[in-house]
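All chains, please: the whole structure from these sequences, using the hints.
Single-letter residue listing:
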Amino acid sequence: MSDWLKICPLEDIPRLGAKVVKGAGKADIAVFRNAEDEVFAVDDRCPHKGGQLSQGIVFDRRVACPLHGMTIHLDSGKAQAPDEGCTHKYRVRVDKGVVFLNLG
Amino acid sequence: MKKARLILVGNGMAGVRTLEELLKLAPDLYDITVYGAEPHGNYNRILLSPVLAGEMKLPEIMLNDLDWYRQHGITLHSGRKIVRIDRVRRKVVADDGSEEAYDRLLLATGSTPVMLPIPGHDLPGVLAYRDIADTEAMIAASARGGRAVVIGAGLLGLEAANGLKARGMEVTVVHLAPWIMERQLDRTAADMLQASLEARGLGFLLEKQTVELVKGTKKSGGRVAAVRFADGSEIPAELVVMAIGIRPDTKLAEAAGLHCNRGIVVNDTMQTYDPRIYAVGECVAHRGVAYGLVAPLFEQGKVAANHLAEFGIARYAGSAVSTKLKVTGIDVFSAGDFTGGADDDEIVLADRRGGVYKKLVLRDNKIVGAVLYGDTADSGWYFQLMKEKKCVGPIRDRLMLGQSHSGGAGHEGKNRAAELADDFEVCGCNGIRKIAIVKAIKEKGLFTLEEVRKHTKASSSCGSCTGLVEQILASVVGGAYQPVVAEKKPMCGCTEYTHEEVRKAILDNRLLSIPEAMRFLEWRTPTGCPSCRQALNYYLLCAWPKEYKDDAQSRFINERAHANIQKDGSFSVVPRIYGGVTSPAELRRIAEVAEKYAVPTVKFTGGQRIDLLGVKKEDLPAIWADLGMPSGYAYSKGLRTVKTCVGSEWCRFGVQDSTGMGIDLERDLERLWTPHKTKLGVSGCPRNCAEATIKDVGVIGVESGWEIYVGGNGGIKTEVAQFLCKVKTREEVLEVTGAFIQLYREEARYLDRTVHWLGRVGLDSVKRRVVDDAEGRRALYARMKEALSVEKDPWAERAAGHDAAEFRPVKFYTKGSVSGGSSDERLAENLSA
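Respectively, the protein sequence lines represent chains A and B. Each residue of the first sequence is one higher than the last, beginning at 13 in my numbering. Each residue of the second sequence is one higher than the last, beginning at 13 in my numbering.
In short, the hints are calculated from the structure, not lab data. Computed from a predicted model, the values in this text were never measured in an experiment. Be aware that one or more of the hints could be misleading.
If you want a taste of the chain B side facing chain A, the calculated C-beta under 10 Å gives, among others [claimed, not checked]:
id : residue
1  : Arg288
2  : Ser543
3  : Lys579
Backbone N, C-alpha and C define an ideal beta-carbon position, used for all residues, glycine too.
This is how it looks when you write it as structure tokens:
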């Protein structure tokens, strides 16, 4: 239970947007919110050339990297076929309107 | 809930393509079962000829291996033939007696080769040329060597003959008509083709009617031994291949009582007379036409899939077809009505010795048919012009010289794809070599430009190699390649509608938000994709500048953060410096900001502005506050900079005040969003030091006033701007420029530069509305001003705290303690409590 970090109120992340979390893990973590208010968290690093996924356009359960447009599935951290690659995925949940992140 | 059952009869290219399209649209709608008479997965039938000729091997032409069926949960019964359809009980019966029930049935039974009903047609050694079994039989027969006779000098017959020759047989082609491929070629092209095939060692007997295939002696095992003709003559043959044509295979459908007339009759939705049964492919007769080439079959598959997926919007309206012969080293292309009528014009280029012949048939200045021999590099272009029914009047005199001489603007590759070396870098953006593209096309079974883009990334970035990639595709898959007709292309995979249709719907139905537009236009995806969201956001903004609320999440990061993202995730800051004219005080401020925030690089841009590179996103609002200058919009699909020369104020050659004009233009147009970036230039004399003629709008001062040029581009492909008009006063320059840009805003597709839009609508139509029609021009200018009336400087707004969350990360200084803006502080309190 102590592994869950409070991040921010859900409304601080825009729908179809993201928030960067700095200093929680080794690297920056991107926390996403989609149109259905589902939240996802992955390393803020595209497996292609390291682009900041948090800055990309979010659609469905995916994000398009702002650098070269590689699409990452937020629920798995995997690149959309036929591209290959994977970014680390974290557990994340919303409790009473607050986003929690688990680094475990 | 139980899924509906879909059965496909016929495991060939058309049927399986339909399934692929269906799975894209509705992956979970059906339990799918496939019956195929052949004992293989789906393969590329078109490539049987290279297999026969020994240029490819069977595994290379497989399109869907067994894994594919497994992955998609499809039950495949290969080697099992359906012999009966019970339409009342809605089930099919296979040749082994097994039965399977369906809710929807898709027939793709293909065609059967026509065999001449002459004595001896069933002798051993007499083959058709249709499937893998025939091909293997021919390869086996050719191993014994000897003489082969191919009856029929059509596409298939010639490819078979060429293959058998390559395998060492002595081959004679027999044909009833006076020249070969008479349905695709005129006599001249046919003669040239025949001569070059003869040079390879093929023999030809024309105007010969075969009446009997003669059986050999017992010693030869009762195999075929000779071919006898109506004139009594005979030639020896150990192998006879009949390639006189194909016939839609409608046996199964007819027996089930489905209406057939030289094919299973379908309507424009590919539905047969039984509403539960669809049909696609060579077995089908659509509006009285049965197609035997693959491109139309794929179009049919797409339509059938759309209806099977219960979308119910696609229609098949028939196809224009073209033919290419797949004989290595010989290029032949034919399309449309290549004979022409009395009122048609023919443009012909004939160089017999050089081995090149081209004929175009024109009706009312539109291409209606083409035959190309020897040089088919421009076949795709001619075919496209033909399909789009484009008026070729203005380029008639250069038409024959090909696309590279057409003067057409744009992105088309002009090299001959087939001649390129394997390691030639086709796509400079992604570093993709030709061999990688060819390999992907063959191994993954790709047929469209989109597929090649997805799998290889070639042509997916700047697009300048698109033409070349299309040519490579055409050279590898032959007739199966289907160029996308740009005019009908949907905006993206999320919709059926074109850019123009979407824009019209937004205006006609007063759609005021992205979700509203998506609902109204029945978007296939819940939240679109990056491509359509950005386009929709622009279209809505352009249509309803006052009513529409800009959607930041549908903007690319640069436009959302009002700075340019760099490869390391930092941003660059380019303040507005009107006309490139600055002052010591302004420069001092920029210098101080650069030092205060330790900006690593300070550089001049190509557009005469100053760029601060390597700024942290969090620092942006503070930097903007310190600068106190408006945004230069260097990140935008919008008005960028107006580049100027010194002009008459200082320059000894200058005849007009270009800097003053540049500043006025930039002030008049700043903050304007456009379909793509828009760059201007103003020069004070015709020496044109501001390089105004490679700008979207270029203004050049002359003694008596200003010349205005439009549609220039200094990017991927340099385009020289075209002369729009000449005006006298500053006010006229502002009005014409503003009206032109507003027309571009209202008409161009998102991501069109002015040159691409002009290429489509033509300079004349723009001149009429911007130059000739004074009232229309004033209205355009007024709409441009209205759009600007609601735009505020984004940097000033953000320096004052607007949209702060965008720039503020969540920061953990030590594990568990959160700091940041207001809401984060609330959380920090929660944590300590």
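Consistency of the hints with the structure:
no.	hint	verdict
1	Arg288	violated (33 Å)
2	Ser543	holds (9 Å)
3	Lys579	holds (7 Å)
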